[in-house]
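Number of protein chains: 2
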Amino acid sequence: MDVREKPIGIFDSGIGGLTVAKEIMELLPKENLVYFGDTARVPYGSKSKETITRFAYQGVDFLMKQDVKMIVIACNTVSATCLEELRQKLPVPVVGVIVPGARAAAKATRKGVIGIIGTERTVSSMAYEKAVRELNGSAKIISKACPLFVPLVEEGWLDNEVAYFTARTYLEPLKKEGIDTLVLGCTHYPLLKPTIKKVMGEEVVLVDSALETAKEVAGILREKSLARESGKPATYRFFVSDNPEKFVKVGERFLQRPIDPIDVVDPEI
Amino acid sequence: MDVREKPIGIFDSGIGGLTVAKEIMELLPKENLVYFGDTARVPYGSKSKETITRFAYQGVDFLMKQDVKMIVIACNTVSATCLEELRQKLPVPVVGVIVPGARAAAKATRKGVIGIIGTERTVSSMAYEKAVRELNGSAKIISKACPLFVPLVEEGWLDNEVAYFTARTYLEPLKKEGIDTLVLGCTHYPLLKPTIKKVMGEEVVLVDSALETAKEVAGILREKSLARESGKPATYRFFVSDNPEKFVKVGERFLQRPIDPIDVVDPEI
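Going down the list, the protein sequences come from chains A and B. Position 130 of the first sequence, counting from 1, maps to 130 under our numbering, and the rest follow consecutively. Position 167 of the second sequence, counting from 1, maps to 167 under our numbering, and the rest follow consecutively.
Heads up, a few of these hints could be off.
Unchecked claim - Taking lysine-lysine pairs in the BS3-like style, the calculated list, with each CA pair at most 27 Å apart, reads:
no.	chain 1	residue 1	chain 2	residue 2
1	B	K246	A	K144
2	A	K246	B	K130
3	B	K130	B	K111
Stated by the list, open to error - Quick list of simulated restraints, FRET-style, between CB atoms:
no.	chain 1	residue 1	chain 2	residue 2	range
4	B	Y57	A	D180	34 to 42 Å
5	A	E268	B	K215	32 to 40 Å
6	A	Y57	B	M126	37 to 45 Å
Keep in mind that the hints were calculated from the coordinates and are not lab data. Computed from a predicted model, the values in this text were never measured in an experiment. The beta carbon of each residue, even a glycine, is placed where N, CA and C say it ideally should be.
Bound conformation, chain A alone:
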């Protein structure tokens, strides 16, 4: 089989990675995709490094069995926790979401004062700080974990009073520090953009890693001559470890197209 025909594997703890899948579909419409979301064990964000690493190995093992040509870790928590370990273990290129997001933030900031929001694990890993500092050693970085944002998005409460007061409680301290750029360091957060903008004001740039990650994927495919060139339509397959009905219902809001076919698999086996 022509290696270029093989799909790109996308791994996420749940549905958030569909924001990344969407950008890849738009930027690289010829590519076949296989998505795996570990919905039986979501959320990963407040779990330990050891547990996240174990779950991530099981998830990418499943994708490797689907004979993928590349793996995208479309989850900030996993990217921040064990990307290097995964890269060393796997025989295909592995792309995370942290470095692309950090690059976009370093480019966007005017005053060099950058805010970073994400899950507890992503924030405590300092992964974004390290990646931004490599590009801009003098940037002032203020980071903040926002653990309620993921359940808010999962509940579909994107712009009601609860969403507003949650955003205000988390983000006021960053606003006071005078950030001009805010990295949405979790793939769920782009759905809260209008509410986050209401709190932060129009002048703060919101950086969403999804598009940057799709560009990184395009660059690697080009560089390694892995880009698919067939004229046949691309195929998309979706796998979850639990509750496909909820994944389809919430996920179609992310993806803005039907999620079909979808299958349930157990990554522990």
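Based on the hints, put chain B in the right spot on chain A.
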């Protein structure tokens, strides 16, 4: 070994079951306890029946290996999903939290209009409705899933603006229906009592299953001659599948005493 010396095993998806452990410690101070919280895979509330049942089997298997004389399923979601399956499988008495809570609600209501709140899984199982109807066939029951309450409690936001607006959004429809009794059908919810009271008013009775479950445990120990009588102090052991630091930090707020010793185990093995 004298069977009465054996500990009672308490199983929960995470830390919420500590509200039940606390009531057992107070009502039955001589009993030894072993607690297992599946913090690597919490929350269970929006997962499927099959996944919850599989996780619950693994959790109670671990407790059985600790040589317990009885098992308390201190989790509404698990009690609502697979209590009968667990009971048929296990050689020791198994107590859930639904029937004790339903009994207290049936006793408390004056007008026969009862509200029930819990996770998505607990509410869709109709387990509380069935249990209340067996006691009061004419009761009017209105139930509502409140998926944001668990993450709010885990975040420690018990009485701020976000907690208030979340409670108001979920509970206003129940208030309009004229309920006089509200079952807190999730072990996390008692921590939100002051905020729930603020929305519902002082005249609505809030039923918390924890104390009722402890009474049920006492009754079974007496009936089966399993109650511990030794004068030696009781011992408490805690096990989690992940992140013991967070369990101790949040859990001591539930339990109002130190959580020690605590160990990490993997229930998948």
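Results of checking the hints against the structure:
1. The straight-line distance between the Cα atoms of K246 of chain B and K144 of chain A is roughly 17 Å, inside the 27 Å bound, and the hint therefore holds.
2. Among the hinted pairs, K246 of chain A with K130 of chain B is consistent with the structure: their alpha-carbon atoms are about 25 Å apart, no more than 27 Å.
3. Restraint check: the Cα-Cα separation between K130 of chain B and K111 of chain B comes to about 19 Å, which is no more than 27 Å; the hinted pair holds.
4. Remark: the range hint 34 to 42 Å for Y57 of chain B to D180 of chain A is contradicted by a beta-carbon distance near 52 Å.
5. Between E268 of chain A and K215 of chain B the beta carbon distance is about 38 Å. The supplied range of 32 to 40 Å therefore holds.
6. At roughly 38 Å, the beta carbons of Y57 of chain A and M126 of chain B sit within the given window of 37 to 45 Å.
Checked against the numbered hints given earlier, this structure breaks only hint 4.
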